[in-house]
Each structure stands twice: as structure tokens, then as C-alpha cells.
Amino acid sequence: MTVFSYASGDTIVALATAPVAAGVAVIRISGPRAWEVGASVCAPLENALPRKAVFGKFKLGREELDEGLAIGFRAPSSFTGEDVVELQGHGGKAVVQAVLDAILAHGVRMALPGEFSRRAVMNGKMDLTAAEGLADLIAAQTDVQRRQALRQLDGALGERFEGWRRSVLNLLAQVEAAIDFPDEELDVLGDPALTKGMHALMGDLQNALGEQAGARVRDGIAMAIVGRPNAGKSTLLNLLSGRDVAIVSDIAGTTRDVVTSMMDIGGFPVTLADTAGMRETGDVIEAEGVRRARKQAQMADVLVVVVDSTVGEEIDDDLARLMLPGRTLVVMSKADRVDMDFPHQITVDGAPYPVVAVNLTDAAAFKRVLPSLTRMVADVGGLASESALLTRQRHTLAVQEALKALANGLKGMGRAGGEGSVAELVAQDLRDAAAAIGGVTGRTGTEDVLDVVFSTFCIGK
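Each residue of the sequence shown is one higher than the last, beginning at 59 in our numbering.
Treat the hints as calculated values from the structure; they're not laboratory data.
We put the CB at the ideal spot given by N, CA and C, even for glycine.
Some hints here could point you the wrong way.
What the hints assert, rightly or not - Label-pair distances were calculated between CB atoms; the ranges are:
1. Ala258 / Ala378: 23 to 29 Å
2. Glu122 / Pro429: 55 to 61 Å
3. Gly370 / Pro429: 21 to 27 Å
4. Asn181 / Arg224: 18 to 24 Å
Unchecked claim - Subject to a maximum C-alpha distance of 27 Å in a straight line, what follows is the list of computed BS3-like cross-link-like pairs (lysine-lysine):
5. Lys425 / Lys462
6. Lys110 / Lys183
7. Lys254 / Lys469
8. Lys117 / Lys151
9. Lys254 / Lys115
Let the hints inform the model, and build the full structure from the sequences given.
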């Protein structure tokens, strides 16, 4: 059995559009034989100019398979930086497979996941963060996700990391000057400017680690609905979801596990979680549900505390301990059954929390609850930030690794001033920091890192 690798210089092919019946399908060929193979399937391509579409029959030998457009791109002016041909034909499953088989018959192989994008990175058409942005753009389900992915695809995150790498290299150049010219007796390690530069860079990296918005936008904001049994939590989940996700009953303790639903709130992807009612119970299964409810609340980015207004406005200590200012909305349910004026805000343990009083069985309740949740989600997601944000764990790990290397360098600088052996150690710490940062964009790194990143991509991307 032949095993192909990403490193192969083969000509590859894949369906670039979704593998479903459609009006149009795009088949992409990339590699040194792309034009030759493309012209063998669609003859008019042989005399076509680059980037000019031609119409023709798609054939295998004399057998007609389909008809459509063929567009060729010459290296390096293509998505992958190689010769590329795209065949645009009809999107029926049998038609697509027949054209793919015709191309494969000429010694072309099927592309591996993300192989087109990987070749684009290897040929300098985009960096690794831009390729990840492309994958995120394809997967985007909300407007905020789309905007963040587009910024990353346009190179904003790559430029941020490249700026950090240049800063490290500038610091490294100063240290290496002391190593390369020992006769000059340069006390670079004792220079306050070098220390100041390292501290400034570490501050920037620490700030980047503190940004949670990028990951929240990409992976979704976690919102937990908590409260006492029969307070109306499941009713609220169904109201916000627009469908019956959770079972609603007058029997307290109906919900015993975490029930989730995805929705778009203000352009942010939000995972809503309905949880078991919090109370002391001797029921082993219900007790496990309460434990999971507490865990879900502790992990949530936004908390919605539902209080049964017919029982009273008091929030018990168990719920109060979970509440976080700025991230918690109190919903007073069954408000239509109580003759009183509800406050717009309550104070719990000295902190203010917004309050919305509603009848959750009334369709109008959605319009009353949603604005407060939208504001809270936007604050948590950092909607005002238009900067390039860290979106993946590997970005975070790289920054942490760079910080560790820089911290080691600073520690080494404090041991002695200007000695050659110490300068060598500090220089190596700076090289390690530069390598960690450069690995994010693909400027430095191993094949293993690229394999992991592109293995999650679609076949035709």
C-alpha cells in the first residue's frame, strides 16, 4: 500500500466545494502536472491564457463526462503558489466522481486534508495563522466569528506574532554584538535599555495571554442557567433556543443533567446550558446533577440565575457564591403572579446585578431578556476589540514558552555583567523565544507541527 505524505511534490486533486448535490462543483488540481492533466480532461485549456476561463467538455478519452469551465493559474500566481487548474462543472455526485476518476487516471493523487493550504504556506502565499483563519472563516457560524476569522486570514495575527519575533531578534542582536566583539568590552547585559526592552516585550506577551476573547469567539461563549428546582430554568432555555430542548414540568427536579443548546446572541456563538435545580437531596442521581450544575456554573463565561418570584427575591448562599459581577443576570420568573414592582438591580454581597422580571411562558419575555444577555455577551467576548486575538491553544502555548525563555534570559543577566559565557546563555534564551514565536506563523517549526495543524482542515482546502 502506497503511503503519501504532505512533503510529496505530487500533483494533487480534490473537490473544493461541499460533497453534496449542487448546481456547481469545483474540482481543484495543484502541482507540476496540473495544466497537463487539466488539458487532458478539458482540451480547450491547452491553449488558454492563465486566469482566463474557457468552456469545454470534460472527457476521459473519448467518453464525455460533463461540460463546464476550466481556469488555469501559473505558479507562483495561484492559491498554492504552484500551477493550479480549477474545473467548474455540475455538482451531481456521479458527475463529480466521474471527473475525479478521469483526473486520477492520469497519475494524480487525492489531496490530504488541508494539503492545498499547506502548500500555500510552504510556498510563502500565506503564513500558518492565515491558513488557520481560512479554516475558521469556512467554519464561521456567526458574524463575529466571520469578522475575527477574516482579520486572521488577512494577516493581522501573523503580523502581531512577527512583530514580537522582530523585537526578540533586535534584543538578540545586541547580545550577540557583545559575543562577537569581545575586545570592545561592551557591557550589553548591564545596559538598562536591554532590560527595559525585555520587560516591555514580556508585558506585551502577558497581555496577550490575558485575552480570552479570541478563543471565546472561535469556540463559543459558555452560558449556564442556574437556580432552585422548578424556578423556570428549562422554560428559559426553550424560550431562548426557540424550540423545546428541555423537558418542562411542574415536578421539581425534572432536569437532572446538563442540557445544552447553541444559539447566536449578538453575533457571538453561545452554548446555553440548562442545569439541575440546586438543593440538598438524598437522591444519588439528582445529587450528581447538582454537582454537575455547580461545575457548569463555575466554568461559564456568563451566568443566568433564575429566581422564582412567587417564593421570594432572596438568592441563597449556594447561588450567591457562583455569581460574578458583570457576568451574571438575575431573571425573576413568574413575575405575572406577583403584585409588586421589581427592581432593575439587586445587590448581592456588595456587588450589583441587573434584574429582568418576566413571565417566561409569554413570548414577549424573549425581547425583555435578550438585550441584557446581548450586552453581557458582548462585554465578555470583547466586541469592542478589533485587534488580532489568540484563537488556538498552540498560540497560547507558544507565548508561554517565549515568556519562559525571556524570563530565563533576564535571570541570567542578573548573575553577571557582560561575561562571555553568560552572554551565550542569554543569547540562547532569546533564540528559544524567537523560535517559539516564529513557530506560530510557520517561520520556524517542524513538520510535525504542520501535520497537526492541517490534519483538521477539509480535504479540498
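Each hint tested on the structure:
no., hint, in the structure
1, Ala258 / Ala378: 23 to 29 Å, "41 Å, violated"
2, Glu122 / Pro429: 55 to 61 Å, "59 Å, holds"
3, Gly370 / Pro429: 21 to 27 Å, "26 Å, holds"
4, Asn181 / Arg224: 18 to 24 Å, "23 Å, holds"
5, Lys425 / Lys462, "48 Å, violated"
6, Lys110 / Lys183, "21 Å, holds"
7, Lys254 / Lys469, "14 Å, holds"
8, Lys117 / Lys151, "16 Å, holds"
9, Lys254 / Lys115, "67 Å, violated"
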